[in-house]
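As given, the protein sequences belong to chains Z and E, one line each in that order.
For any residue, its number in my numbering is found by taking its place in the first sequence, counting from 1, and adding 136.
For any residue, its number in my numbering is found by taking its place in the second sequence, counting from 1, and adding 1.
There could be a bad hint or two in this list.
Said to hold, decoys possible - The calculated DSSO-like cross-link candidates involving lysine-lysine, where the alpha carbons are at most 30 Å apart (straight line), are:
hint, chain 1, residue 1, chain 2, residue 2
1, E, Lys12, E, Lys58
2, E, Lys72, Z, Lys192
3, E, Lys72, E, Lys12
4, E, Lys58, E, Lys72
5, E, Lys12, Z, Lys207
6, E, Lys102, E, Lys72
7, E, Lys15, E, Lys102
8, E, Lys102, Z, Lys178
9, E, Lys15, Z, Lys204
10, Z, Lys192, Z, Lys178
11, E, Lys58, Z, Lys178
12, E, Lys15, Z, Lys207
13, Z, Lys204, Z, Lys192
14, E, Lys15, E, Lys58
15, Z, Lys207, E, Lys72
16, E, Lys58, E, Lys102
17, Z, Lys204, E, Lys12
18, Z, Lys204, E, Lys72
19, Z, Lys192, Z, Lys207
Simulated from the structure, these hints should not be mistaken for laboratory data.
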Amino acid sequence: GESVGLHLPTLSVQEGDNSIINCAYSNSASDYFIWYKQESGKGPQFIIDIRSNMDKRQGQRVTVLLNKTVKHLSLQIAATQPGDSAVYFCAEKNIGDYKLSFGAGTTVTVRA
Amino acid sequence: DTGVSQDPRHKITKRGQNVTFRCDPISEHNRLYWYRQTLGQGPEFLTYFQNEAQLEKSRLLSDRFSAERPKGSFSTLEIQRTEQGDSAMYLCASSLTANEKLFFGSGTQLSVL
Chain Z
137 GESVGLHLPT
147 LSVQEGDNSI
157 INCAYSNSAS
167 DYFIWYKQES
177 GKGPQFIIDI
187 RSNMDKRQGQ
197 RVTVLLNKTV
207 KHLSLQIAAT
217 QPGDSAVYFC
227 AEKNIGDYKL
237 SFGAGTTVTV
247 RA
Chain E
2 DTGVSQDPRH
12 KITKRGQNVT
22 FRCDPISEHN
32 RLYWYRQTLG
42 QGPEFLTYFQ
52 NEAQLEKSRL
62 LSDRFSAERP
72 KGSFSTLEIQ
82 RTEQGDSAMY
92 LCASSLTANE
102 KLFFGSGTQL
112 SVL
């Protein structure tokens, strides 16, 4: 089956630096991509999403980039803060499907 | 609080017992999803409701699992004859349409002893 995965399971970042979290997907039929943040003991929290007709979308301190040619998705966090420490998941959805398919996640640790 | 609510937050049970979890979605959302998440992994899809109709079930949902959404509002997930392999976080999510982001609850952490 096709799946969404992340390049690195862990990422350590100095507070104040920018973070880049990468994700590769294999299903070219996917038309919707989304990033979630999950803190310990909590459910996934929406960060930002992007549709396949876009290649970049910006939110507050976050930017998602989509490269459909190489099936790559990234999340950039500007000026990383201690509160950004969490597990980050990318997820994708196929055209006409109901469900989001998640990768394994990247654990981000922010160093003071 | 107008988010997705799940109850209980934690459940410890003995192998072979039945358990039932409840999910209250965001009130105007007619789409409801159940996911399961094990330690270190991303959530895995279990089942999907549109209003009261269960439209999709994952092959992960064995015969021991049943989900209902009788009035198109809250949903229950029941696991019969629990096994140790059922230990996981059970997450509920809801969305307004099929093409929008899912809002997740805090989950029910199940431990089967």
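Fill in: Given hint Lys178/Z paired with Lys192/Z - CA-CA distance at most 30 Å
holds, 28 Å
Discussion item. Would the hint linking Lys15/E and Lys204/Z be met if the CA-CA limit is 30 Å?
Written reply: Status violated; Cα separation ~47 Å.
Discussion item. For a C-alpha distance cap of 30 Å, please report whether Lys15/E and Lys58/E respect it.
Written reply: holds, 26 Å
Discussion item. Holds or violated: Lys58/E and Lys178/Z, Cα atoms, limit 30 Å.
Written reply: Holds. Lys58/E to Lys178/Z sits at ~24 Å (cutoff 30 Å).
Fill in: Holds or violated: Lys192/Z to Lys207/Z, with C-alpha atoms at most 30 Å apart
holds, 14 Å
Discussion item. Run the distance test for Lys204/Z versus Lys12/E: straight-line Cα separation, threshold 30 Å.
Written reply: Violated: Lys204/Z and Lys12/E sit about 42 Å apart, past 30 Å.
Practice prompt. Could you grab the alpha-carbon distance between Lys12/E and Lys207/Z and see if it respects the 30 Å cut-off?
Written response: violated, 39 Å
Discussion item. Can you confirm whether the C-alpha distance between Lys72/E and Lys12/E stays at or below 30 Å?
Written reply: Distance ~25 Å between Lys72/E and Lys12/E Cα, so the pair holds.
Worksheet entry | Holds or violated: Lys58/E to Lys102/E, with C-alpha atoms at most 30 Å apart | holds, 20 Å
Item to complete: With a cut-off of 30 Å on the C-alpha distance, tell me whether Lys204/Z and Lys192/Z pass.
Response: holds, 11 Å
Worksheet item: Under the criterion that the straight-line Cα-Cα distance not exceed 30 Å, is the pair Lys15/E, Lys207/Z satisfied?
Response: violated, 44 Å
Worksheet item: Quick one, are Lys72/E and Lys192/Z close enough, alpha carbons at most 30 Å?
Response: violated, 40 Å
Comparing the model with each earlier hint shows violations of hints 2, 5, 7, 9, 12, 15, 17, 18; every other hint is respected.
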